[in-house]
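If you read the protein sequences in the order shown, they are chains A and C.
Here the first sequence is numbered in my numbering, starting from 211 and rising by one per residue.
Here the second sequence is numbered in my numbering, starting from 211 and rising by one per residue.
Same chains, same names: a pair is fine if it fits in one copy or spans any two.
Distance condition first, Cα-Cα at most 25 Å in a straight line; then the derived DMTMM-like pairs of lysine to aspartate or glutamate:
#, residue 1, residue 2
1, 230, 398
2, 671, 626
3, 349, 377
4, 268, 666
5, 458, 598
6, 263, 384
7, 230, 493
8, 533, 240
9, 289, 430
Keep in mind that the hints were calculated from the coordinates and are not lab data.
Listed below are the residues making up each chain.
2 protein chains.
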Amino acid sequence: MKEKSPSIQDSLKPIVALCKRRGFIYPGSEIYGGFANTYSFGPYGVELKKNIKDLWWKFFVHGRRNMVGLDGPILLHPKTWAASGHVEGFNDALIDCKACKGRFRCDHLIEDALHKSADGMSLEQMTKEVQQHKIRCPKCGASDFTEARVFNLMFHTHMSKTGGNTDIAYLRPETAQAIFLDFKNVIDTMRVRVPFGIAQIGKAFRNEITPGNFVFRVIEFEQMEIEYFIHENEWKASFEEWLTSMHKWCQLIGLNSARIREKEHPKEQLSHYSKRTVDLTYDFPFGSSELYGLAYRTNFDLSRHAEFSGQSLEYTDPDTKEKFIPHVIEPTFGVERTLLALLCDAYDEEVLENGETRTVLHFAPTIAPVKVAVFPLMKKEPLVEKAEKIFKTLHHIWHAEYDESGAIGKRYRRQDELGTPFCITIDFDTLENDTVTLRDRDSMQQIRVPTNKLIEILSEKLNVGFYENQRITS
Amino acid sequence: MKEKSPSIQDSLKPIVALCKRRGFIYPGSEIYGGFANTYSFGPYGVELKKNIKDLWWKFFVHGRRNMVGLDGPILLHPKTWAASGHVEGFNDALIDCKACKGRFRCDHLIEDALHKSADGMSLEQMTKEVQQHKIRCPKCGASDFTEARVFNLMFHTHMSKTGGNTDIAYLRPETAQAIFLDFKNVIDTMRVRVPFGIAQIGKAFRNEITPGNFVFRVIEFEQMEIEYFIHENEWKASFEEWLTSMHKWCQLIGLNSARIREKEHPKEQLSHYSKRTVDLTYDFPFGSSELYGLAYRTNFDLSRHAEFSGQSLEYTDPDTKEKFIPHVIEPTFGVERTLLALLCDAYDEEVLENGETRTVLHFAPTIAPVKVAVFPLMKKEPLVEKAEKIFKTLHHIWHAEYDESGAIGKRYRRQDELGTPFCITIDFDTLENDTVTLRDRDSMQQIRVPTNKLIEILSEKLNVGFYENQRITS
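One chain only, chain A, in its complex shape (with noise of 0.2 Å):
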């Protein structure tokens, strides 16, 4: 794929309009004013947003031979969060404007008026560093800040219990720990070996205060998580055969593998849990950033719940009859900012050769949230039938959309915004010899073909293969 121009690579701008636009993301709540950072997903950002979802489902759950499924709760008994450290230490530092109320991360702060990192520093030193320096409110410029103090970005709500008392409980902060909670049932229930992997989509939240870029970051957001099981003699291999599937996920859905980075934390950088950890960041237009994380967690967070709990989390390997707490790598996947990857990575605006601009999005026939669009040239009653006909037999394969109003190029135009990869017409010549125009998004050449070869056609073209392929490698 060619580059895109560079006004397009810096910014977000054109993607967000077109999202707006053409139905894929709406700014959440939008009819009163909007709220935090939430999104609304419009009927084609569903769409996409299941087919990626589907996609990771058959490819990395359906498609290994270790691997199962799982669907936990987003409230979870308040001791998983202690036991997880999440209580105790996921935090952020925030500091006050008195001036304008405004609110901030304090090592943001710090770090944008003073080119140093924050990190490690204690809340007492943030301060410090802030009134010493006198940093200003990027707000309303004033120097009168509060304290930084410590904030949890759990979000906490109420149970009402039948025992009398009220007690707290957290929305998720990530699916993980659901995993861990459920990793007895799982090996009591279900014939698995170590190495195994249990896998789930689901919403996980945050209360964050940092702006998002789009559906970048959100308060709440869907991960698709792994916690792969392992012995601890096996991590390193584990490491970077899921590191090579991560890749080769990006490659299914048609992600431009020259803006994919590997990112090793440094050692002093890693979580307490983690003795690796790599990040695949992604070129987005606001520069490169986290997309999906690869962590081998060793066996902190079964350790921890094994403890917390007073319950054995030990497997025992059925040929050595060895007794172990199993190591953990977790590959693990933002849905939204997948979805956002491919927006960027697929949006274009093109100059044609007539002069005109063209806005389209190249996405991998994969996750196109529609296949195939079928129009009658002209909305007469012989035209109109045979497509009717013809969208009704592709639409039972695939997501076919259907339109007969307005000019035929208005109709392609309005196709390549949606990222659809095929269009057929059906035109007069169609009632004579039964052959329609097959259109493709990308090369705009359109091609003659028998009718009763469509399907034949289509099947090759939509790359189906390029997936089946990729099954049960393992």
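Use these hints to put chain C onto chain A, whose structure you have.
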């Protein structure tokens, strides 16, 4: 399908036990002793749930011409719930036993003790009833209650806003309102014309204190909802059409129609927004209870959101130029209740000719978590190799399982408990004449079929046609 024995019909116990034992449903946060009414869907439960949701989407969204999907946030602007009436009216009357601290719904307490309805009673009246009749605590027997008080069923949380204030936000108690909030975005960006519908699948949360009958009543659950926007004139016809469509859905997933009833809500019990509501109830082991709901909501919701937001939510008919706020027919489906009804419907303990009992789930192939299982008769090389090859071919098309361990009879029983419609056994004859044994779950009959006919025979037996014929009906 024949009726089950009364002992099975009257109890959820064997179903709950099977769900745990075979990886369908685990109690939520079980290693910490459980947590409120929450559940985890295990490896087979998550596949069953996914099949339900995917089929629903295909049937109601892709299968109709005038439907679009949406995926709105769980956290909506708080004004949403003021406009919808939930802040004021989505309440239970609770009462606590002072002796044992037990907490109860006051209307249930009165209904159970005095056998009369508490509908329409004020808090004062309820408190008086409890005191005058010296109603006893169902837990400890004491007659010493607090006064009845209002308890809102919405979970609330707190947002950290950049404005400096901390604002309350609610976890949505229904998905419907997210659809109403995006009504304007959808009519502005999609080429829809009334009548049309917006569909959404997503989580909702209710702070219930009532015991739940397994996953029937839970604090977090998934809804599949449609808001179908119409002109007021057409509400009666549209209501009937949707009722028919909901019955078709029940057929499609294989529910026994003899257990489905229509329950018309009497006028005086209708919600404030509804002019007609019909429940589809299912004969659960604990009684006939609401499975699905169909409500004519008038234009209450859109009118209220127009009023509270100051936005115009009028639609202009392109032909007549009439401006109006559309009325709404709302078919609503719970994922967990669907799953529970399917389990209750499918569960059976059959006494075989040899006196043994087999437990079996008679799932319709449309929703069965595993469609086909493949076994080599013995764990011997040529059999295993051939079985692996057949498994991989079938698994590319349907979710299949491979099992090579244990006696063949045990492997059949295992698949019976998972509801797998067909099992294929590769034996020594297979190596001779390339035929395999195809075993039917329900009849337990085995037939010999050529390997190269397997896909064709299974395609027919798995009844793909049944579903395909239902599509694009309107």
